[in-house]
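Enquirer: So the chains spell out like this:
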Amino acid sequence: MAIRKTSTSNILNTVHRDASAGSTKIADIPDTPTIGTATAGAESATITYTVANTGGIGTTFTALSNPGSITGTGSSPITVSGLTAATAYTFTVKSGNTTGDSPYSSASNSITALAGGAFESIATVTVGSGGTSTITFSSIPATYKHLQIRALARTDRAGNYSSNMNLQFNTDTANNYADHDINGNGSTAQAESGTTKNNIAMNRITGASSGSDIFGVVVADILDYTNTNKYKTVRWFGGFDNNSTQGEIYFGSGLWQSTSAVSTITLQSVSGAVNFTQYSSFALYGIKGA
Amino acid sequence: MAAGSTYTPIATTTLSGVTSYTFSSISGSYTDLILIGNLIQSSSAANSYIQVGNGSVDTGSNYSQTILYGNGSSTVSTRQSGQTAWYADYAAAPGTGSDYNTAIWQIQNYSNSNVYKSILMRVGKATNGTDAMVGLWRSVSAINTIKLFSSNNLTGTLTLYGIAAA
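Heads up: the protein sequence lines correspond to chains C and H, in order.
Residue numbers for the first sequence follow the working numbering, so the first one is 1 and each next one is one higher.
Residue numbers for the second sequence follow the working numbering, so the first one is 1 and each next one is one higher.
For the record, the hints were derived by calculation from the structure and aren't laboratory data.
You may find that some hints are simply not true.
[Stated by the list, open to error] Computed from the model, here is a short list of chain C residues facing chain H with C-beta under 10 Å:
#1 THR126
#2 GLY211
#3 ASP241
#4 PHE251
[What the hints assert, rightly or not] To spell it out: a stretch of chain C is covered by chain H in this simulated footprint if at least three of its residues, at any positions, have a beta carbon under 8 Å from a beta carbon of chain H; those stretches are:
#5 112-122
#6 180-192
#7 232-240
[What the hints assert, rightly or not] Just so you have them, the derived chain C footprint on chain H, three or more residues with Cβ under 8 Å:
#8 6-13
#9 39-53
#10 66-79
#11 105-119
#12 135-148
In this text, a Cβ means the ideal position worked out from N, Cα and C, and glycines have one as well.
Work the whole structure out from these sequences, hints included.
Expert: Structure follows, in structure tokens:
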């Protein structure tokens, strides 16, 4: 059943003029959606609903938890995040438009929110059309046990199929880093190392001589990054294949000779002398410990 | 700040002597996909392979790969381009009996329509050695289909995860 608002303020806010008739109308308030099924997720739930085919057109849909009155919005299924694990919830759904909101639906089935996972997204950087020489993750929360960087990256390094990926911590540019890796380029397998360096050189990604659609990949783990009794250790796996004449695959480990907790991570290529190109993306994740 | 838990299970299957398995209609709502396998096969000496695509898998010569592997006494790197599939393993192909291999395949930015798609693979089997591979699928199409196949029957488990970035 449609419910029509009649207050002056709502009319002033929502009226539109019917030019042919010269009359003023307000949109009907949507009728209540029909609740569907609630499904438990990790400290979250998804709730399905069916839009009412009577009443005004709904432009927003909101799911409300009980207990907690935590809301989520969107189209079906709506995700409600921020629930407490091992707690039972039901959900109701309402629809709204510029005139007003429908009443909430009847309650959904009861679900018990699951425990959250140990792997959380912290931040992402995607490079725009101008490119950038430096990616920085700063103010990294100290609430995890380990960190993981996942990157898909390419540089504009002229005349080169590939370009290295440099890593620094806490803006330390002194010679406090070391690295070792084993790598293969499709014909030769070899081991390499460097000590007393001003960065950790992880695997190589693509440069300007590789196609503009071709990016290198890096997955790097920074272990026990807040422990102030240890130097910090990194391990990585990555490489690139350009389907032409070049491909390189790497396993490596690196050391930062500092007991400081890692709070800032800087990524560059050729020590910042070249740019990461558009669509390069860098994501930082936190891994919880028990 | 943290956007919440991720590394979300999408699908798990148990293979019981099949030559292929396909994950289809994969949601595009994640950033990366990770497929973990623990497999044996019905007879020895057959590699398994991976194809990807949108709607159906691409069987064209659009795959390339660079591989590094070691067998306990030597380390070798090899490379193939213009292939019709990626190796899902190399030296560490699934064994027979209880000789399972363990594999992790990662496809990054799998739904980004501006880049060719890259895969990272790590496979190990105690009786043969360890493989690492980086591969390229020469297409900007979003991936929503992944097929694992072999000329032998495969038995074991496959689990597909999605990782969403903030």
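Enquirer: State for each hint whether it applies.
Expert: Hint by hint, here is what the structure shows:
The interface hint given for C/THR126 is met, as the beta carbon of that residue sits about 9 Å from the closest beta carbon of chain H, less than 10 Å. A least Cβ separation of about 7 Å between C/GLY211 and chain H falls short of the 10 Å threshold, and the interface hint therefore holds. Contact between C/ASP241 and chain H, as hinted, is supported at the beta carbon level, the nearest pair being about 4 Å apart and thus within 10 Å. Against a cut-off of 10 Å between C-beta atoms, the interface hint on C/PHE251 holds, since the closest Cβ of chain H lies about 6 Å away.
As drawn, the segment 112-122 of chain C meets chain H at 7 residues by the rule of a beta-carbon pair under 8 Å; at three or more, the given contact holds. Counting residues of the segment 180-192 of chain C whose CB lies closer than 8 Å to any CB of chain H gives 8, which reaches the minimum of 3, so the coverage claim holds. Look at the segment 232-240 of chain C against chain H: 4 of its residues bring a Cβ nearer than 8 Å to a Cβ of that chain, three or more, so the hint holds. Under a criterion of three residues with beta carbons nearer than 8 Å to beta carbons of chain C, the stated coverage of the segment 6-13 of chain H is upheld, 3 such residues being counted.
Counting residues of the segment 39-53 of chain H whose C-beta sits closer than 8 Å to any C-beta of chain C gives 0, which falls short of three, so the coverage hint is violated. For the segment 66-79 of chain H, the assignment as covered by chain C holds, since 9 residues bring a beta-carbon within under 8 Å of that chain's beta-carbons and 3 suffice. Coverage of the segment 105-119 of chain H by chain C holds [criterion: at least 3 residues with CB-CB distance below 8 Å; count 8]. Given a C-beta distance limit of less than 8 Å, the hint that chain C covers the segment 135-148 of chain H holds, as 4 residues qualify and 3 suffice.
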